[in-house]
Amino acid sequence: MRDLILQLSKSSIYSTKPKDITTTEGLGDTLAQGTAVDQQIVADTKSATADGFITPSMTPEEQENGLNLYRQRQQQIGEMKFYSQQLDIQKQKMSIQAQAENIAASRVQRANAAADLQLKKNKMYAQQATADFGANVYAHTQTQLDEIGKKLAAGSITNEQAMSEANAIKDSIMAQTMKIRGAAGGDYVDSISKPIFDSIDNRNKFFSGQISADTLKARLDSLKAIAELPMMADPNLAKIAVASKLVAGVDPSLLGTSGQYLQKYLKKNVNPNVTPANPLSTDPEEKADTKVYTGSLVDVTNKLSNKSPAIADPKGTMEELQNHVNQLLKGAGSFSGAHTDPKSYNEVVNYLANPAFLEYQKMGGRIDQSNLESVKNVISVNYLEKLVPAIQSQWEQAQTTVGYPQKVKQIGAISMPVPNTKNAENVVRYVWTGNTIEFKAAPGYTDNAGVRAKVGELQRKLAPLINKSVMMRAHLDGSSDYSKYFKMSEPEMFGTKAQDTSSVNGR
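Be aware that the sequence shown starts at 1, since it is given in the numbering used here, and climbs by one per residue.
Hints were generated in silico from the structure; no laboratory data involved.
Mixed in with the good hints, there may be bad ones.
Unchecked claim - Here are the computed lysine-lysine pairs in the BS3-like style, where the Cα-Cα straight-line distance is at most 30 Å:
#	residue 1	residue 2
1	K422	K303
2	K224	K205
3	K484	K343
4	K264	K150
5	K287	K386
6	K386	K303
7	K179	K303
8	K315	K376
9	K386	K315
10	K264	K205
11	K170	K287
12	K422	K468
13	K440	K484
14	K315	K264
15	K291	K264
16	K287	K179
17	K268	K150
18	K461	K487
19	K268	K422
20	K268	K239
21	K151	K268
22	K315	K343
23	K151	K205
24	K268	K315
25	K224	K267
26	K239	K150
27	K264	K303
28	K484	K362
29	K468	K264
To be verified - Computed spacing ranges between beta-carbons, pair by pair:
#	residue 1	residue 2	range
30	K224	P314	29 to 37 Å
31	P230	Q210	53 to 61 Å
32	K343	G495	43 to 51 Å
33	S370	P314	47 to 55 Å
34	N167	K224	53 to 61 Å
35	D481	E160	17 to 25 Å
Here a beta-carbon is modelled for each residue, glycine too, at the ideal position from N, C-alpha and C.
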């Protein structure tokens, strides 16, 4: 510091100029108070500390994160206020424009169209700011609750005090959200706040010993995933997301891969009285979301079956799951007329073939008979009737090179070796193990490289299709007797006569 002052002294620092950093007076102020940036950091740090974003027990890194969270929240509040004001201004402009005298109707129409577009943009920006605000508050709240948990674990506070502090945080958030209800809309603020308040309620259950640490973590992970969903930027979809017991039970890693089409499933399939979402779409993005959706049904079914503590309301979750399962089946039947390509049915078939679909039935899950018969018919006509002949064709036409060429074929003056091949059915055996099919080299060919390669190819290409079709057929009848349904399918797939004993190439 001394060297800095000496250098400034040599640079005529004592010249009479306005008070700024080039004068000793300005330098003194700056050294005492810091630059404007430093002063802003100090001010922000004080405010962040006062609001609980920074606490004395935090590490330097945690304090920096807390300061960043505080700044983000202030920016989001500012954006919500700004865009809310813009909405009011834009509405006034539209009213004035329509009332102005001597303006041609076409000009009014064009002006109103432009104003309406700006109105929608401002509304969208305000909603996104609100969603970001919710995610920010969620993250900060968890930091505060973690601090309470640390104090409880250290024995510096009692369980009752921990719950009291958690409830104080809840009251503080309620007070904060009251300030933005006008800008964002009361219902929307309630939707954004629900994951936050639910997280506090679950913390209190943990503090009081009602739930375990593992259960708390599972529920907090799910609530965090909901708070960060893209659909939370839309008031209507946010309301659906936070009300959905299905979403609350889904693995966060699944929700993290979802796109826009999942929103249709959540909106339409929860209500049995509306047209379901189309599960047969071949659009890549929609197909990917159908996979997420059916995977969510499987995930929640397994959690209900295992009585996972991650499901906070088993009864309500089961009721909602029943609506989704039936709407999925109904959707497959309703949209089948526009989808005759078997590939369109892949995600639906994967779900029906999954053991979770059978488990759903064992748990007493409702399946409307009309939906069941419809999907059976659709799957039979548009999937199995095209898939099964293809399997039989691949099996019967498969050729396997079993050795070196043993004869040649004369083409003019050229002698061409003839591949030493045999039909796969002569050198490969299939065995149904009870729940899956296995291809194996026939006796005498177990060491043949060509036969082993063909076995691997059949296991990769045919086995998954056969297993899936057999399990799906069984599950649609509420059965786990896969051997029975393989026997029923065997003549169609392999051209052999059904046997009563274990099948090995129909013999």
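Taken at face value, is the distance from the CA of K287 to the CA of K170 at most 30 Å? Not satisfied, since the Cα-Cα distance of roughly 40 Å exceeds 30 Å.
Could you grab the alpha-carbon distance between K268 and K422 and see if it respects the 30 Å cut-off? violated, 54 Å
Straight-line Cα separation of K268 and K239 no greater than 30 Å? Holds, because 13 Å separates the two Cα atoms, which is no more than 30 Å.
Agreement of K239 and K150 with the hint, judged by alpha carbon distance not exceeding 30 Å: Judged against 30 Å, a Cα distance of about 33 Å means the pair is violated.
Does K362 lie within 30 Å of K484 when you go C-alpha to C-alpha? Satisfied, since the Cα-Cα distance of roughly 19 Å is no more than 30 Å.
Taking only the CA atoms, is the gap from K151 to K205 under or equal to 30 Å? Holds, at roughly 16 Å.
Determine whether the Cβ-Cβ distance between K224 and P314 falls within the hinted range of 29 to 37 Å. violated, 22 Å
Hint consistency between K422 and K303 [alpha-carbon to alpha-carbon, up to 30 Å]: Cα-Cα ~49 Å, so violated.
For a C-alpha distance cap of 30 Å, please report whether K264 and K150 respect it. Outside the cut-off at roughly 41 Å; violated.
At the C-beta level, are D481 and E160 separated by a distance inside 17 to 25 Å? For D481 and E160 the Cβ distance comes to about 56 Å; the hint is violated.
Do K343 and G495 keep their Cβ atoms within the hinted range of 43 to 51 Å? violated, 25 Å
Holds or violated: K224 and K267, Cα atoms, limit 30 Å. holds, 20 Å
The structure fails to meet hints 1, 4, 6, 7, 9, 10, 11, 16, 17, 19, 21, 22, 26, 30, 31, 32, 33, 34, 35 from the earlier list, while all remaining hints are met.
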